[in-house]
Each structure stands twice: as structure tokens, then as C-alpha cells.
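The numbering of the sequence shown is our numbering, which starts it at 2 and goes up by one.
A hint or two may mislead.
Stated by the list, open to error - With a Cα cut of at most 25 Å, we get these calculated DMTMM-like pairs of lysine to aspartate or glutamate: (1) Lys107 <-> Glu147; (2) Lys245 <-> Glu275; (3) Lys107 <-> Glu275; (4) Lys107 <-> Asp120; (5) Lys107 <-> Glu135; (6) Lys245 <-> Asp213; (7) Lys107 <-> Asp128; (8) Lys245 <-> Asp231; (9) Lys107 <-> Glu125; (10) Lys107 <-> Asp97; (11) Lys107 <-> Glu9; (12) Lys107 <-> Glu179; (13) Lys107 <-> Asp75; (14) Lys107 <-> Asp54; (15) Lys107 <-> Asp91; (16) Lys107 <-> Glu144.
What the hints assert, rightly or not - Derived CB-CB ranges, DEER-like: (17) Asp76 <-> Val30: 43 to 53 Å; (18) Lys245 <-> Thr51: 46 to 56 Å; (19) Val30 <-> Glu92: 26 to 36 Å; (20) Arg223 <-> Glu70: 31 to 41 Å; (21) Arg32 <-> Glu70: 53 to 63 Å; (22) Asp75 <-> Arg20: 43 to 53 Å; (23) Pro224 <-> His247: 47 to 57 Å; (24) Ser145 <-> Lys245: 48 to 58 Å; (25) Glu92 <-> Gly326: 46 to 56 Å; (26) Ser21 <-> Ala254: 55 to 65 Å; (27) Val30 <-> Thr189: 45 to 55 Å; (28) Asp46 <-> Gln25: 35 to 45 Å; (29) Gly24 <-> Ile173: 48 to 58 Å.
By construction, these hints were calculated from the structure, which means they are not laboratory data.
The C-beta atom is built at its ideal place from N, Cα and C for all residues, glycine as well.
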Amino acid sequence: MAYDPHREDYQRLGLRFARSLDGQDPASVTRAFASFGRRFSQNRDSLPQTDADRAFHLVAEATTLIDYELPFADDNHAEQLIERGHQLLDEALALDARCYDAVRMKSAAESPSFESYYDFLFREANDVRAACEEIRAQVMRDESDERAVLEADIAMRPYYRWLATLAGKAVICGRNREAIRLSETLLTLDPQDSSDVRFTCAIAYAKLEDEDGLDRFAARTRPLMRAGTDDAWMQLSRLALAHKRHDMDAARAQLVHLLSTYPHASAALTSQRELPDGIFARLAVPPFSEDELILAVSEGTVLLQEGRDDAGRGVLGTWVARNVGLGSGAGDRA
């Protein structure tokens, strides 16, 4: 699920290393690759790499600090993580001014509001796409083997992440139709949905109260369905739509289904924790895990907290918290 920057870092250097071995005899290539993993983890500088590769490695390191350690750090340690993360991004940009992941992550930290961050992403999106497509075209001109296909895909990923982030911020800024348009554009470019932008799109349809649109979207993206059932984002969106039309039987049935799909779902649906968004990409968590549900509930805050009530939550959020007991046993057994 989503993008793992360290895996991508490994792929980038693996491709570079493979290119450096072209022309050598098979026995030498086999011996060289036997040491690649050790060299990658213990002596990275001994491997062939460009400044762009080095910049992306720094982005991966910054992502670990900002996306995966910062949310759980105490106040004193948090300041250190933020400072070090920003230093790594600055170093990345010094190596490669077109390291668009670093550009985007720096802007997230420096933008004074969601709207200003959205405006920046929107304004620069076409230039980012053009730059990534230029790199991809160069790769395909130079090579045409399977490695070139992967390298060309990697070249486009910064733009895919840029567009996915833009779609997510569009929802937060109330631009739900724009979020759907952006999601559809990204799905056309990346039909495998490496960014999981379909999750964002489902929430946007629910915000628009467009149940027919959500059903059509679900039918089109059914091949991406995992484990033969809807993910938490789709289930929360369907639950929200049923609740909005005051079909409480359908809402309860959807809640029971959600509880039966995810382990320990009752705790996540009762607490409804709001997490910081991943700055590099949507956090990489195991599919259908408790962590995935916590992430979906956090992103679904825009649905759960609509219409504040006396409990200090949104109307739907309060209803969900009060009704999780309906199927909590099933959820705990899943």
C-alpha cells in the first residue's frame, strides 16, 4: 500500500548497479549482485549513483523522521526531528533542484495554510509533470528492456505523488469535484493506483453526497479491490451516505461490515484519532490492518466531524462511536 521511500531508494540504486554491470560475464554479475544488499545497507557510497539518487536517499531519511517518528515523539524530541528533517530536505535540494518530492515536502512545512499549500501544488503541477515526463522519455530513448520500464515508472512517481497530495488537499479545502478530477487523471496515468488515490476519491464523492457517482467509481475500480471486499475508505464513505439520507438500517449494516473487516475496529472507531498526513505520501501500512483503519478514520474526519454536536464531535462521528457495540465482537475476531 502506498509508497515506501526506502524500497524505492533500493530500486533506484539496484537499477544503477545493474547498468554498471552490463557487458560483464554472467559469473561476475552473479558475484557482484551477491554483495549488493550488504553494500546498500552498510557501504552505500561504494555503489554507483547520481546526485539525484543521493537526493532521493535524503528524502527517504527525512520521511522516516517526519512521517513515521515525529507523530509519536515528545515535544523535546519533536523539535530535533523537525530540524533534522528540514536539513535533510535542504541537502537533497542542494544536490538536485528537481527533486520534486523534497520541493513538495518543504512547501508542506512552509505553507501558512492548507489553501496556500493547495495553491502552490496546483500552480506547479504542470511543470512537475513536464520535468518527470522529460526524464521518462530520456530513459525510454536510451533503453527498451524491463529495467527501462521500471526506471521510467520511477521517473514519474514524483508527479504521481504530487497529484495525489493535491487531490487530498483539495478535499480538505472543500474542492471535492476538483479532487475527483485529479484522482481520475492520476488513475488514467497510473491504472495500478500506486498512490491509493481512489481512497481520496471515495471520500470526495461522499462529501458531495453523490451516491450514484460513488457506485460508478467503485464499479470502475473494482479490479483494484483487495481481498474481495471494500477498503475502509469506501466503507466509511458508504456509511456516511447512508447516514446522510437517514437510512439507519443501511448505516448500521455498513458499520457492522466495517467492524467485521478490520481487527480491533471498535477501538479505532470509538477514539477516532486524527493523525498528521504523511508528507512524503499516504503512510505505508499493511492492507486491512488496524493501522490502515486508524489511517482511514483519520482521513475520514472530514465526514465524521460534519455538523458539530453537543458531544464535541460531528454528527456522524458521535453516531459511529455510540453504535460500535453492534458488531464489535465480530471486529475483534477478524
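Hint check results:
{"no.": "1", "hint": "Lys107 <-> Glu147", "verdict": "violated (33 Å)"}
{"no.": "2", "hint": "Lys245 <-> Glu275", "verdict": "holds (22 Å)"}
{"no.": "3", "hint": "Lys107 <-> Glu275", "verdict": "holds (22 Å)"}
{"no.": "4", "hint": "Lys107 <-> Asp120", "verdict": "holds (14 Å)"}
{"no.": "5", "hint": "Lys107 <-> Glu135", "verdict": "holds (23 Å)"}
{"no.": "6", "hint": "Lys245 <-> Asp213", "verdict": "holds (14 Å)"}
{"no.": "7", "hint": "Lys107 <-> Asp128", "verdict": "holds (17 Å)"}
{"no.": "8", "hint": "Lys245 <-> Asp231", "verdict": "holds (20 Å)"}
{"no.": "9", "hint": "Lys107 <-> Glu125", "verdict": "holds (14 Å)"}
{"no.": "10", "hint": "Lys107 <-> Asp97", "verdict": "holds (14 Å)"}
{"no.": "11", "hint": "Lys107 <-> Glu9", "verdict": "holds (20 Å)"}
{"no.": "12", "hint": "Lys107 <-> Glu179", "verdict": "holds (24 Å)"}
{"no.": "13", "hint": "Lys107 <-> Asp75", "verdict": "holds (22 Å)"}
{"no.": "14", "hint": "Lys107 <-> Asp54", "verdict": "holds (18 Å)"}
{"no.": "15", "hint": "Lys107 <-> Asp91", "verdict": "holds (8 Å)"}
{"no.": "16", "hint": "Lys107 <-> Glu144", "verdict": "violated (33 Å)"}
{"no.": "17", "hint": "Asp76 <-> Val30: 43 to 53 Å", "verdict": "holds (51 Å)"}
{"no.": "18", "hint": "Lys245 <-> Thr51: 46 to 56 Å", "verdict": "holds (51 Å)"}
{"no.": "19", "hint": "Val30 <-> Glu92: 26 to 36 Å", "verdict": "holds (33 Å)"}
{"no.": "20", "hint": "Arg223 <-> Glu70: 31 to 41 Å", "verdict": "holds (36 Å)"}
{"no.": "21", "hint": "Arg32 <-> Glu70: 53 to 63 Å", "verdict": "violated (37 Å)"}
{"no.": "22", "hint": "Asp75 <-> Arg20: 43 to 53 Å", "verdict": "holds (45 Å)"}
{"no.": "23", "hint": "Pro224 <-> His247: 47 to 57 Å", "verdict": "violated (33 Å)"}
{"no.": "24", "hint": "Ser145 <-> Lys245: 48 to 58 Å", "verdict": "holds (51 Å)"}
{"no.": "25", "hint": "Glu92 <-> Gly326: 46 to 56 Å", "verdict": "holds (51 Å)"}
{"no.": "26", "hint": "Ser21 <-> Ala254: 55 to 65 Å", "verdict": "holds (57 Å)"}
{"no.": "27", "hint": "Val30 <-> Thr189: 45 to 55 Å", "verdict": "violated (38 Å)"}
{"no.": "28", "hint": "Asp46 <-> Gln25: 35 to 45 Å", "verdict": "violated (22 Å)"}
{"no.": "29", "hint": "Gly24 <-> Ile173: 48 to 58 Å", "verdict": "holds (51 Å)"}
When each numbered hint is compared with the structure, violations occur for hints 1, 16, 21, 23, 27 and 28.
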